[in-house]
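**Q** The chain contents come next:
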Amino acid sequence: MSFKRVVITGMGALTPVGNDVPTFWSNLVAGVSGAAPITRFDAEKFRTRFACEVKGLDVTNYIPRQEARKMDPFTQYAVIAADEAMKDAGFDADTLDLDKAGVIWGSGIGGLKTFEEEVMNYSENGRTPRFNPFFIPKMIVDSASGVLSIRYGFRGPNFITVSACASATNALIDAFNYIKLGLMNVCISGGSEAAVTIAGVGGFNALKALSERNDSPETASRPYDKDRDGFVLGEGGAAIILEELEHAKARGAKIYAEMIGAGMSSDAYHITAPHPEGLGAFIVMKNAVENAGIKPEDIDYINTHGTSTPIGDPQEIKAIEKFFGEHAYDLNISSTKSMTGHLLGGAGAIEAAACIMAIKDQVVPPTINHFTDDPEINPRLKLTFNKAEKRRVNVALSNTFGFGGHNASVVFKKYED
Amino acid sequence: MSAIAERVKQIIVEKLGVEESEVTPEANFQNDLGADSLDTVELIMEFEKEFNLSIPDDQAENIGTVGQAVAYLEENVK
Chain A
1 MSFKRVVITG MGALTPVGND VPTFWSNLVA GVSGAAPITR FDAEKFRTRF
51 ACEVKGLDVT NYIPRQEARK MDPFTQYAVI AADEAMKDAG FDADTLDLDK
101 AGVIWGSGIG GLKTFEEEVM NYSENGRTPR FNPFFIPKMI VDSASGVLSI
151 RYGFRGPNFI TVSACASATN ALIDAFNYIK LGLMNVCISG GSEAAVTIAG
201 VGGFNALKAL SERNDSPETA SRPYDKDRDG FVLGEGGAAI ILEELEHAKA
251 RGAKIYAEMI GAGMSSDAYH ITAPHPEGLG AFIVMKNAVE NAGIKPEDID
301 YINTHGTSTP IGDPQEIKAI EKFFGEHAYD LNISSTKSMT GHLLGGAGAI
351 EAAACIMAIK DQVVPPTINH FTDDPEINPR LKLTFNKAEK RRVNVALSNT
401 FGFGGHNASV VFKKYED
Chain B
1 MSAIAERVKQ IIVEKLGVEE SEVTPEANFQ NDLGADSLDT VELIMEFEKE
51 FNLSIPDDQA ENIGTVGQAV AYLEENVK
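Chains as they are written, first to last, in full-length UniProt numbering: chain A, 1 to 417; chain B, 1 to 78.
I should point out that these hints are in silico values taken from the structure, not numbers from a laboratory. Watch out, some of these pointers could steer you wrong.
To be verified - From the structure, some residues in chain B lie toward chain A, with a derived Cβ separation under 8 angstroms:
| # | residue |
| --- | --- |
| 1 | 16 |
| 2 | 17 |
| 3 | 41 |
Here a beta-carbon is modelled for each residue, glycine too, at the ideal position from N, C-alpha and C.
Start from the sequences and build out the full structure, keeping to the hints where you can.
**A** The following block contains the structure:
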């Protein structure tokens, strides 16, 4: 059996820097920060009082109110992003084989706000066990893929991948492999997260994972800067339509790029800290490049995990230098989390979208907020500081690493027949 | 229309996303107003919250229409 080729034929995004793909991408290239004071709840007593929230969103413009209230925000984000991607892909409803169309979504946490509200309601009402009947179906993390399959009638493979901040990348990898194996023709993949909540911010604060630069939210996410002090929590998501190449060609679909490979690995080291020498990061990039059947020198751009934490950023860089050798200084590297914040389980989706757009437009989005060089980071590396860079982007790699030591990477290439 | 009936109507309009004109006394939550069994459970919970009472399950089972809800509440709300 020969493997099928997999291409990208539609995208949708709902992010802290734009509520659709064109706005998201133009703001990334322009170096716009999505960080601002938290509006989702009263964060006055929290150590971190800012985040990268989705802005100006009226969910009822996309989903009727009575449907929307049965969805946690992470599912609403999934629906909004997927609607844009489905429209972009332009399937013919009369001819699409729905039995061979799947949904494989990623989310790290799921319905955190729903869980919080129900439990707080319980404790505030004399602990009377009156829970909303929609509590469980709203909260469980797989509800996003379930809702999407119902919305579009996709009856193929349907599930959620959970690997913390690598979740959406794992979703893309599973979608890629199932199409490659001929198990489906089309898949809505990607991921979403909505963790800018009391428990989300409080929990990550307790881990000392978040930046506490409350006097300057927009400069707080500063990957590779000497004074970085933690990540900025983001929310939103992106949907990416993966399609079998011949299926896409037969219907004359617009093709953004080809997905050519994927890698997975585990640090097997610590539940939250990354391996100090970037061992898992090295292995995942090696696996991805080998799976793609290319040479390390073929990679033009790496969208790094680069969350802006003191210990996370250098280990990934060490792994890049070790794996790519001299080529590490020829390719461009950037962390778009400097603008979007960290979408946790949704990160891999918006960053895959950034890689795909970088290939389409031949431009590398910047790592903004670079003020002071970090002596731990080799200055020979092209980290695309502060300004987007026009360059050849034939092949792009996206890295994501999650608590638990999960690492997942995907490789996209300019489509050629 | 009683004050209770008016508040019941608002809750139903809000939760089920139906038009006020559809919320007639005879309207059945599931057959006429597009609710499923979970929506109905949620409606009962909303009535309990709004009117600050507790509706036992065996009583809740008998509330299938707008009129039945209003009648129950008019009788039991103090």
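**Q** Tell me the numbers of any earlier hints that the structure contravenes, in ascending order.
**A** The structure breaks none of the hints.
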